[in-house]
Structure formats: structure tokens, C-alpha cells
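Model the full structure from these sequences, guided by the hints.
Residue numbers (the UniProt record's numbering): 1 to 352.
The hints are simulated quantities; they were obtained by calculation from the structure and are not laboratory data.
You can trust all of the hints, since none of them are fake.
Calculated pairs, SDA-like style, for lysine to any residue (alpha carbon to alpha carbon, straight line, at most 25 Å):
{"hint": "1", "residue 1": "Lys50", "residue 2": "Ser82"}
{"hint": "2", "residue 1": "Lys184", "residue 2": "Glu216"}
{"hint": "3", "residue 1": "Lys307", "residue 2": "Arg317"}
{"hint": "4", "residue 1": "Lys50", "residue 2": "Leu23"}
{"hint": "5", "residue 1": "Lys173", "residue 2": "Phe208"}
{"hint": "6", "residue 1": "Lys184", "residue 2": "Leu174"}
{"hint": "7", "residue 1": "Lys307", "residue 2": "Thr260"}
{"hint": "8", "residue 1": "Lys242", "residue 2": "Ser177"}
{"hint": "9", "residue 1": "Lys14", "residue 2": "Thr38"}
{"hint": "10", "residue 1": "Lys307", "residue 2": "Ser252"}
{"hint": "11", "residue 1": "Lys176", "residue 2": "Lys255"}
{"hint": "12", "residue 1": "Lys70", "residue 2": "Gln37"}
{"hint": "13", "residue 1": "Lys70", "residue 2": "Asn87"}
{"hint": "14", "residue 1": "Lys74", "residue 2": "Arg44"}
{"hint": "15", "residue 1": "Lys173", "residue 2": "Phe154"}
{"hint": "16", "residue 1": "Lys50", "residue 2": "Arg124"}
{"hint": "17", "residue 1": "Lys173", "residue 2": "Asp144"}
{"hint": "18", "residue 1": "Lys184", "residue 2": "Cys153"}
{"hint": "19", "residue 1": "Lys67", "residue 2": "Thr53"}
{"hint": "20", "residue 1": "Lys281", "residue 2": "Asp314"}
{"hint": "21", "residue 1": "Lys281", "residue 2": "Cys236"}
{"hint": "22", "residue 1": "Lys242", "residue 2": "Cys200"}
{"hint": "23", "residue 1": "Lys225", "residue 2": "Val303"}
Okay, the calculated beta carbon distance ranges per label pair:
{"hint": "24", "residue 1": "Asp81", "residue 2": "Asp148", "range": "16 to 24 Å"}
{"hint": "25", "residue 1": "Phe278", "residue 2": "Pro167", "range": "27 to 35 Å"}
{"hint": "26", "residue 1": "Ser232", "residue 2": "Ile22", "range": "41 to 49 Å"}
{"hint": "27", "residue 1": "Lys70", "residue 2": "Lys255", "range": "43 to 51 Å"}
{"hint": "28", "residue 1": "Gln301", "residue 2": "Asp31", "range": "44 to 52 Å"}
{"hint": "29", "residue 1": "Asp314", "residue 2": "Ser271", "range": "21 to 29 Å"}
{"hint": "30", "residue 1": "Pro175", "residue 2": "Ser16", "range": "42 to 50 Å"}
{"hint": "31", "residue 1": "Asn133", "residue 2": "Thr212", "range": "16 to 24 Å"}
{"hint": "32", "residue 1": "Lys14", "residue 2": "Asp148", "range": "44 to 52 Å"}
{"hint": "33", "residue 1": "Ser82", "residue 2": "Lys184", "range": "21 to 29 Å"}
{"hint": "34", "residue 1": "Tyr283", "residue 2": "Glu127", "range": "33 to 41 Å"}
{"hint": "35", "residue 1": "Asp148", "residue 2": "His25", "range": "32 to 40 Å"}
The model shown is predicted, which means the values in this text are computed figures rather than measured ones.
For each residue, glycine too, the CB sits at the ideal point set by N, CA and C.
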Amino acid sequence: MKEELNLSKDDWDKISELPDNILLHMMNFMDTREAVQTCVLSKRWNNLWKRLTSLLFNSSEFESVFKFNKFLSKFLSDRDDSISLLNVDLDFRPPHEIACLSDCTLYYLGFLGRPRFELEPLNRLMEYAVSRNCQRFSINVGFDCRLDVDPVCFCPSLTILRLSFTPYGANCKLPKSLQLPVLKTLYLHHVGFTASDNGCAEPFSTCFLLNTLVLECCYLDVDAKVICISNSNLSCLVLDNKFEVADEIVLSTPKLRLLTIKDDCCMNKFSSTCNLSFLEKVYIDVISYDEHSSVHLSWLQLVSNIKEMILSADTIRLIRRVRHFCMFSCHRYFYDSRPIVSTIDFFLAIQY
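In C-alpha cells:
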């Protein structure tokens, strides 16, 4: 064959001569659609894609959501079920050609009359990932749809979970408790929390290995008034934007070391059931202000033993506006061996 094609040594297909494990390693970095397309290269590549361990799906690369769903269903049917999954990353959003008024556009606007049919492939993907012992699962949904994420909330093999939804409409609501025994990192964007009978949402206490938790623009169920972030192992916590409906955010995180509070999240009242003795670094970035000054500064009472505290310029401006800032002077906050109150007083002297 080599002689018939009259190929020089430099022109010969060297990649196809590599072992399967090296080829699969490279293909795992590719978009799954492109990885499947390698089957046309030669017989050598015919079935390699069926053994991928990392799946990357992007619906916007398809002409319509319907074609994406068809591809996804076909892929899951043909994949080698004996191979475990390491990573699943799904970006489910409108196609690039969204300007034309198509069925996909109607779906995006929330007018499609058959949502169960359209969401079935996504539900199947989650169930498939759980059944194949997936370790890292990420989904980013850009449609206004109500997706049941319960399958990945009860996955015993997940170490990293990322759920992100559009801010328009009620899209995703977590169960009362997450049964993820080996989960280490959890990122949630515009996700709702369900309350227990006492009106408190406490979803994280059974994630025994959870180390990093990021909550952005999340909200509580109508029956919930308090979100309790309870976890005995949590080390890093990021709260970005306020919790809608929540009257109070309660921390029960005795091993917390890093705390970040951003955007409007300072509008929520904060309290803690423990003294946060391991807390080392706090970053505060507040961009809005209203008359509820005591609520805005309730986070100050959480940081009595920290080594480093970083305040954004907007946060310092907020503190300047609070008339009763002296109410916190009885607490001792340390920053580079100096009381934090004194440090803040220094910043307040700066004119903006």
C-alpha cells in the first residue's frame, strides 16, 4: 500500500501507528463530536471513539437542539458500556444561528410544547454517567427549562460536580440532601435549595469529603427562610450574589479556612454555630448598599481570628456609610498583628 500510494517516509500516517491508549488520551481532549468524526480516517480509527473516558458536548455547534439530542442519543447507544467514565462536560445552549425563528428559537424562548421529549437525552446522559461511575460532571444549561438533576445528586463516585443554569426562570432545584460521599468540589450557579420541615435548607452536611463550595446567584424554595451551610470538612467557601428569599445564612463549618463574600451576598444576614477558629483569609467585595446596615456588616462578626482580610474599594465605601460602625468596636479582629477595626479606620481616612 505504501508503495502504491508513492508516499515518502515523512508523508506516512505516523499518528495511526500510535498505541490505542495514546490515541484515546489525545481524543479525550477533543469535542466528542469531533472525536466521533475520526472514524472516517481509516479502519484503525473506526471504533476508538466508543472507548472515550472524557465526554465534551456542546449543543451550540449543532444546527438545532433537536440534531444535538439525536447525536447524543446515538452516541450513548453505541458507546462501549464496559468502559467507565471519568469526565462529562455538557454545554447545552442555543445554536450560533439563533437569529432565525426556528423550532430551536421557540425552545430557547420557552414556548416549546414538548419539553419532556427534548430533555430526555439530558436525563439519559446523567443516568448514564452515574451508571458508569463518572468522577467529574459539569453541565451548563442556557435554556429556560426545568431539569431534574437528582441522578447526579445521588452519585457515589462523583468527586467534582458543576451545575450552572440560566438566570431566567426556575430551572433546577436540588433535593433536600445531597448523597455524594466522595465529592470534593461543588460549584452551583442559579440553583434552588429545598427546605426541610423546619424551614431550613441544609443540603451539604452529607458530603463528608467536600473541600470547596462555590454558590453563585442561588435561591431558596418558597418554604425555606434559612440556608445552613453545614459541613465538617469544608475548607473553602465562595458566596457570590445574594440568596433570594433567604432571611439568614448560617455557617456550621468548623474547618473553614478561606471565605469569599461577593456582590449582593452581604445583604443576607450571617451567623455561625461555631467559632471558625481555622479561618485564615477572608475576601469581601460588596457592590451595593441599602438602609439595612446591621445586615450588611453581620459578616464582620464571623471573622474574629483571621490572619488576612481583603476589602475591596466598594466595601470600604460601604463601611464609611454605615453610621453605627462603632457597634463592632468591642470585637478584636486581627490583621497583620493589628486590630482590623484600626486598619479599617485607616482606610476610611482615604478620600475617594
